[in-house]
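Colleague: Residues per chain are reported as follows:
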Amino acid sequence: MANIIINISKYIILLMMILYGFSSFTVIRKEDPHKKNMCLNRQIIYVFVIHFLAYLTFAIQSPEDMVTIIAFYGLQTLIATMYMYLYHFFYPFSTRMITNNMSFLLLIGYIMLTRLNYALARKQFIIATASLILVSFIPLIMDRNKKLRKYGIAYGIIGILALLSVFVIGVEKYGSVNWISVGGISLQPSEFVKILYVFFIASMLSKKRDFRQVVITTAFAGVHMGILALEKDLGAALIFFVIFIFMVYVGTGKFRYMLLFVTGGAMMAGLAFLLFKDKLFNHVLVRVNAWKDPWSDISGSGYQITQSLFAIGSGGYFGSGLTKGSPDVVPVSESDFIFSAIAEEFGVIFAIFLILVCFSGFICFITIAINAKSRFYKTMAVGFAVCYIFQTFLSIGGVTKFIPSTGVTIPLVSYGGSSVLSSLVMFSIMQGISTIENKEAKKVDEERRKLEQTEYDNGAVLRKGRTD
Amino acid sequence: MTMEQFLEKEERIDKINEKLNRPIIGIAYIFGILFVGLIAYILRFMIVDKDEVIANAANSRLDSFAADVVRGDIVTTDGKVIATNNGDDRYYPCGDLFAHAVGFSKYTKAGIELVGNYYLLESHAGGFEKFFHTLREESNQGDVVVSTLNYDLQKKAYDCLGNADGAVIVMEPDTGKILAMVSKPDFDPNDIDEVWEEANSEGSTSSVLLNRATQGLYPPGSTFKVLTTLSYMRQYPGKYKKYTYNCVNSEEIFNSVSVHCYGKKTHGEEDLSKALANSCNQAYADIGTKLELGKWKETLESLLYNKNLPYTGASATSRFYLDKDSNKGYVPQTAFGQGDTLVTPLHNAMIISTIANGGLMMKPYMIDSIENYKGKRIKKFSPSSYDTLMTSNEVETLTEYMRKVVTEGTAADYFAGAEYKACGKTGTAEYADGNHDFSWFIGFDDTDKPHIAVSIVVEESDVNGIKATAIARSVMDEYYKLLDK
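Heads up: the protein sequence lines correspond to chains A and B, in order. Going letter by letter, the first sequence gives residues 1 to 468 in my numbering. Going letter by letter, the second sequence gives residues 1001 to 1485 in my numbering.
If you are wondering where the hints come from, they were derived from the structure by calculation, not from laboratory data. These numbers were taken from a predicted model, which means no experiment stands behind them. Treat the hints with care, since some could be wrong.
To be verified - DSS-like cross-link-like pairs, simulated, lysine-lysine; straight-line CA separation at most 25 angstroms:
| hint | chain 1 | residue 1 | chain 2 | residue 2 |
| --- | --- | --- | --- | --- |
| 1 | B | K1050 | A | K373 |
| 2 | B | K1242 | A | K373 |
| 3 | B | K1015 | A | K208 |
| 4 | A | K439 | A | K36 |
| 5 | B | K1019 | A | K208 |
| 6 | A | K324 | B | K1106 |
| 7 | A | K147 | A | K450 |
| 8 | A | K207 | A | K147 |
| 9 | B | K1015 | A | K450 |
| 10 | B | K1297 | B | K1241 |
| 11 | A | K150 | B | K1019 |
| 12 | B | K1019 | A | K254 |
| 13 | A | K292 | B | K1050 |
| 14 | B | K1015 | A | K442 |
| 15 | B | K1019 | A | K439 |
| 16 | B | K1290 | B | K1242 |
All chains, please: the whole structure from these sequences, using the hints.
Modeller: The following block contains the structure:
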């Protein structure tokens, strides 16, 4: 009996995922607000069906933990429901699609973490819930405080200081010194500096766009990347670089800047490689070699990636079913390699639709950027869109051997307090931009309607005069 | 503000916005392409590479499949079951006969049990049947691995090798199918518990679990002369046909090393073909001194010496140590197959098969196809080539020379009266301690239309009196007997 339920659940979960994946693209194109809302409501149902069946599976598999599982499930459902409905009550101008995607990704993350390690899942849930409450105020603050665009260089300086903090109170993890420990809580400053950094570039380029301004911006951005390289956190340095080139491209509208920075960046990287080959780039070489031919050293440098491929391949298209695979064999499957764990148990089709959902989040961000009228918010929205999607790309590309592994997490899905908090801040800022710009658009709309009304009234007077 | 002013302002804003949005749309496309690439890559992995990747023996998940699937049977091409289940235990109906070839699955995996592990643990029983089994929490019956092995040939080779230690490999040169693989000393895989315990007990020197056919490293002896001939042909393309050597003294000095032929015989005036037919050590020592060592090594490495063999099972790497800086004193010995050169019987089988197959080396394989337990074919493995390693001219010449070995040379007595035109090369290699002989034969059955190639080595043949060439004759005769049936 248990097996029947678990097996049927597996296919229903997949079906729900496919429906969610498709709807996350069709909803963007829906114009009619009523239909759009219906579609978004249906998405919530899909999410909760997946979530319910997953926890049902857990309950069946370990009846001795039934109470804990039901309590945990109940809390998650409560928070997610409250969040998805209340948010739009308080922020009617926010984008519902983003709240849906946020909840979806968080819940998928909880499911996988519960499967892998209940203690981590609980920790993640507590951190994420506390963060959700905190970040709920972000759109309000952004709406009230119009001076955010003015601080320019200050963002840059704070960011650089925060990055430098690891050299004073830093802790080494996985070969990179990019963590600090404050009162027993470890934080990854680069996760938060990322946000300041996007504010910095957006602020600088919304003020002026002449050559001098671009040079100053580049210099500060360069210092950020340099410090990250010294921390041996080359994944983050790469993300900062990509954010930079795309934001400058949008901010200035000049393609030649992007071309210049891409070649310049490549040359700098090449030079740094030649100068500090042994000191900074040893673990990069190891990773690149492990990517090129992991099969020659399955038990050594190729261990992570081959285990990841075993997991993805063994799960097949439909997955082994929750709790039926062995994703715990893959190292760090709770954070960097969570995609392999998901692919193994939920199946590759599910995993591909998960990629599509992540991509629909990006499209959402891009749509906000396109609709934004303010240059500051437009550039910023692009910065966060690129930051989000590029990080997702590095993470999934790395564990599937599409590109060398960079040790980056999937926003909101992977375990990690700093990563979850900073991703939630990012999503909330996008909601802030959405709120401000939608309000603005409504204002313009009202003005138009008022003018139309006066015009019509005047016209009516004129027409009246003519008929006389 | 009038309507006109308002519209003008809006239009201006829209225009600026549109200009600013162009790069944004570009960025969306760039990431769109990246993600299409990523998804396409994942799908390609699933369609093309997945099976091979997860069949890797390092994938610990395969064993967890065993919880839901009853390990499938292994059968020979002619339908004899060589591995099945007896209750919860694995049962090998033929006992010692297929010991190394079929391997075992307890403790660690070996042989076909290892290479075919993934398929044995997959079940293609019908969809409904699987569904009902899952419902009832019963196991599904795993698929059947149909090996390329032929029961009769294996039995013949096994019987001929008798009590001697050594190895026999019979291969189809044009496909790479391994038809027989025998290694002795052998063991009964049904008694793997005791065998494993003994082999792994402290101080044990037992090599019974070693598959000599693929992992045994032997001095190639005179079979190596075929490759020395090829190297010479490549370095002296215009002149090799005119090569002569006069073998008149029982001992001769080359590079200050004294060389004598087997049994201290003399062979008189010889060209290259006669030197091979007579297996004349002195002539080959002479040829060795004429070879440029760097190029010699190049030729041998092109034939996979010092390289991993393209074979999915466990195999050892053959060794050729000389290079252009080596001491010249090693040259004469090496040229006729002594020295430090080492080769596996499998590698020698691949080399002789390459000659039989017109210069194209096929990758050897042992799994012919996969069937579900009801006998419905699920998957067929097709032969795949490694590379063209010899020209047709080289192949023709070597074949002609090796034919002479059988018609008038060292193998003539063994092949007298054969109905097919066999060719090959015999060999006698000295054991490392110099006290005992190894007997070798590599060859194929018919110079016009090769069906099978053999590579045979017999340890201590001077003691047990079993000669590799005699085994080759019996195996080939058996093949033709089966062909007539």
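Colleague: Take a quick look at whether K1019 (chain B) and K254 (chain A) sit within 25 angstroms of each other, Cα to Cα.
Modeller: 11 angstroms, holds
Colleague: Are the Cα positions of K1050 (chain B) and K373 (chain A) separated by 25 angstroms at most?
Modeller: Roughly 48 angstroms between the alpha carbons, so the hint for K1050 (chain B) and K373 (chain A) is violated.
Colleague: If you draw a straight line from the CA of K150 (chain A) to the CA of K1019 (chain B), is it 25 angstroms or shorter?
Modeller: With a Cα-Cα distance of about 24 angstroms, the restraint between K150 (chain A) and K1019 (chain B) holds, given a limit of 25 angstroms.
Colleague: Is it true that the CA of K147 (chain A) sits at most 25 angstroms from the CA of K450 (chain A)?
Modeller: 29 angstroms, violated
Colleague: Holds or violated: are the alpha carbons of K1015 (chain B) and K450 (chain A) at most 25 angstroms from each other?
Modeller: 23 angstroms, holds
Colleague: Has the given pair, K1019 (chain B) with K208 (chain A), been kept, meaning a C-alpha gap of at most 25 angstroms?
Modeller: At roughly 17 angstroms apart (the allowed maximum being 25 angstroms), K208 (chain A) and K1019 (chain B) satisfy the hint.
Colleague: For the pair supplied as a hint, K1297 (chain B) and K1241 (chain B), confirm whether the alpha-carbon distance does not exceed 25 angstroms.
Modeller: 22 angstroms, holds
Colleague: Run the distance test for K1015 (chain B) versus K208 (chain A): straight-line Cα separation, threshold 25 angstroms.
Modeller: 19 angstroms, holds
Colleague: Hint check: K292 (chain A) vs K1050 (chain B), CA-CA at most 25 angstroms. Holds or violated?
Modeller: At roughly 17 angstroms apart (the allowed maximum being 25 angstroms), K1050 (chain B) and K292 (chain A) satisfy the hint.
Colleague: Please work out if K1290 (chain B) and K1242 (chain B) have their alpha carbons no farther apart than 25 angstroms.
Modeller: 14 angstroms, holds
Colleague: Are the Cα atoms of K1242 (chain B) and K373 (chain A) separated by 25 angstroms or less?
Modeller: Since the Cα atoms of K1242 (chain B) and K373 (chain A) sit roughly 89 angstroms apart, the hinted pair is violated (cutoff 25 angstroms).
Colleague: Starting from K439 (chain A), check that the Cα of K36 (chain A) is at most 25 angstroms away, please.
Modeller: At roughly 19 angstroms apart (the allowed maximum being 25 angstroms), K36 (chain A) and K439 (chain A) satisfy the hint.
Checked against the numbered hints above, the structure violates hints 1, 2 and 7; every other hint is satisfied.
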